[in-house]
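Visitor: Below, each chain spelled out in residue letters.
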Amino acid sequence: MASNFSIKHQPGFTAIAATCFVVLYLPIVVLVLYAFNAATSTSEWGGFSLKWFQSAYQNTQVIDATLRSFQIGSIAAILSTTFATMAALATTRTASYPGLTFKYAAINQPLMVPEIVTGVALLIFFSRIKIFTGYSGIGYLVAAHTAFCIPFAYLPIRARLENMDLTLERAAADLYATPWKTFRRITLPLLWPGILAGLMLAFVISLDDVVITEFVKSGGQDTLPTYMLGQIRRGITPEINAISTAFLLLSVAIVTLFFFVSRKRD
Amino acid sequence: MATAEEVAKAAERRDVRDRWLLSAPALLVILFAATGPLLIVLVYSFLTPGAYGDVKWLFSPDAWTSVFLERDIFDDTLSLAAAHVTIFWRSIKLAVVTTLATLALGFPTAYFMATRSEKTRDLWLFLITIPFWTNLLIRTFAVLQIIRNEGIINTILLKLGIISAPIQILYTDTAILIGMAYVYLPLMVLPIYASMEKLDFRLVEAGYDLYATRFKVLRKIIFPLVKPGVIAGSILVFIPALGAYVTPSVLGGGKNMMLSNLIELQFGQGRNWPLGSALSITVMIIVMVALLAYVRNAGKSGVRHG
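Here the protein sequences come in this chain order: A and B.
Heads up, the first sequence is in my numbering, so the first residue is 1 and it goes up one at a time.
Heads up, the second sequence is in my numbering, so the first residue is 1001 and it goes up one at a time.
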């Protein structure tokens, strides 16, 4: 026994881990399989078919909600990543200064409050503004999404910045580069993988949001997740499986990209 | 003429000012669409409900009394609001059990991942990250299809003749628990894995050299060293679990309300915005207390382990 004693072994751990991975993926696999089911019932298999994808594609409500999700997601991702990049530059690579701790707390605040509370707060606040200004467009959703995406975008950008020392920037300044030029030619290219990772994270977080959107949206402003929630509450058809499958595919594509971008750092 | 010291001081002041300007957009957006509105919720919780939702600008402590108490409509006496207490108790219980369940499953999983070879570790990390990035609603929906009466579990058990009628899992507390444990598991695994990855296994080896059993090594060496990850994971699971909205709405049906559904009700059919606000603040207070207690407790024992 002594000869093959492994210090890393813990009894039962591998079995639990294996179970976890199987259990994590099994429901998703079943969900995808039933998206290709020809039967209308979601409990029996009626042969392979793409008809639910077709019906989802022809459903104008689905297309409408998808486009709205992308629109809000891309605007919120770009805004939150820009602001998070600026904030990260202002809060890293410096000695502590008055207000630094406050900034950390403020930026991470959306993570510390349950979504339902933020949702309710925005419902109250925005309904006041709606009465006051008469504007009830998509701007409220964009503002809400930008706010809760900032801490997520901030995370990878700050991590990246903290691993960059100031040597190159100092060298550039010594060679008479202006601060702006140093930023453009030195800081930004080095920081770029962090910014890209932040951008993708923010986009996915925005795309996934149900709770805050559900409370903030006005009539006819469904995003894909809130539309799906409404459908699931009413009763399920394989069309939801088809939409979920397409959504899943997109998520996997983004996470794969994210993985490569964030691994490039070494 | 300014001395060198004064010049340096001025430069420093300028640097701090620039740093405030740079962070201003992020701080303003969060103030406008996250932190600021929370203060309005606090104000609303002390107002009178309007007839068709919203509020009348009249001070009233009623919302706060009715968080846990209810007034008898005939003799005006106060008694404990049984429905609210039940929902609070269910939410806290489910959030705690979810945290413990994900810890029991997530800790070994993170350990397994961290003990793989350098190359395969990335693959396992990738496999745990995909569900983390996948829409929570979709994952909840996937669980729904597995556990419902016509779902795969009941179908297989029926076909094997183990049960004669489908087991009702859907629309019970168990369903909410299964769903939450399923969707929040990656949130527990990822931070534990992050601290486990940095674990120095020479310490483990030293433990075995000193005749520690496997369990003792786990309890006295590995667990204390990865405790920051365990704490982070527990917080990341507990906060969203306590305020969970999607999972109880989809898997709990109408009867098994959690706090979030109770709050939503006040802004919908209930038309009692002040009560909804007071309930929201209460949820926030529970989260804060849990966070503080957990962090303090963890800090204390951290010192003991040196």
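Take these hints with a grain of salt, some might be off.
With beta-carbon atoms standing in for the labels, derived distance ranges [to be verified]:
no., chain 1, residue 1, chain 2, residue 2, range
1, A, Ser41, B, Asp1076, 52 to 60 Å
2, B, Leu1127, A, Leu250, 16 to 24 Å
3, B, Arg1214, A, Gly47, 17 to 25 Å
4, A, Asn108, B, Thr1155, 41 to 49 Å
5, B, Val1289, A, Ala18, 32 to 40 Å
6, B, Leu1265, A, Ile138, 20 to 28 Å
7, B, Ala1212, A, Phe70, 54 to 62 Å
8, B, Arg1121, A, Leu250, 36 to 44 Å
9, A, Gly230, B, Gly1050, 24 to 32 Å
10, A, Gly137, B, Glu1006, 47 to 55 Å
11, A, Ser49, B, Thr1155, 42 to 50 Å
12, A, Leu250, B, Lys1216, 15 to 23 Å
13, B, Leu1127, A, Gly137, 53 to 61 Å
14, B, Arg1121, A, Tyr104, 38 to 46 Å
No lab work stands behind these hints, which were simulated from the structure alone.
For every residue, glycine included, the Cβ atom is placed at its ideal position computed from N, Cα and C.
Visitor: Compare the structure with each hint and give your call.
Guide: The hints, checked one at a time:
no.: 1; hint: A:Ser41 x B:Asp1076: 52 to 60 Å; result: holds, 54 Å
no.: 2; hint: B:Leu1127 x A:Leu250: 16 to 24 Å; result: holds, 18 Å
no.: 3; hint: B:Arg1214 x A:Gly47: 17 to 25 Å; result: violated, 51 Å
no.: 4; hint: A:Asn108 x B:Thr1155: 41 to 49 Å; result: holds, 45 Å
no.: 5; hint: B:Val1289 x A:Ala18: 32 to 40 Å; result: holds, 37 Å
no.: 6; hint: B:Leu1265 x A:Ile138: 20 to 28 Å; result: holds, 27 Å
no.: 7; hint: B:Ala1212 x A:Phe70: 54 to 62 Å; result: holds, 55 Å
no.: 8; hint: B:Arg1121 x A:Leu250: 36 to 44 Å; result: violated, 26 Å
no.: 9; hint: A:Gly230 x B:Gly1050: 24 to 32 Å; result: holds, 26 Å
no.: 10; hint: A:Gly137 x B:Glu1006: 47 to 55 Å; result: holds, 52 Å
no.: 11; hint: A:Ser49 x B:Thr1155: 42 to 50 Å; result: violated, 20 Å
no.: 12; hint: A:Leu250 x B:Lys1216: 15 to 23 Å; result: violated, 47 Å
no.: 13; hint: B:Leu1127 x A:Gly137: 53 to 61 Å; result: violated, 41 Å
no.: 14; hint: B:Arg1121 x A:Tyr104: 38 to 46 Å; result: violated, 30 Å
Comparing the model with each numbered hint stated earlier shows that hints 3, 8, 11, 12, 13 and 14 do not hold.
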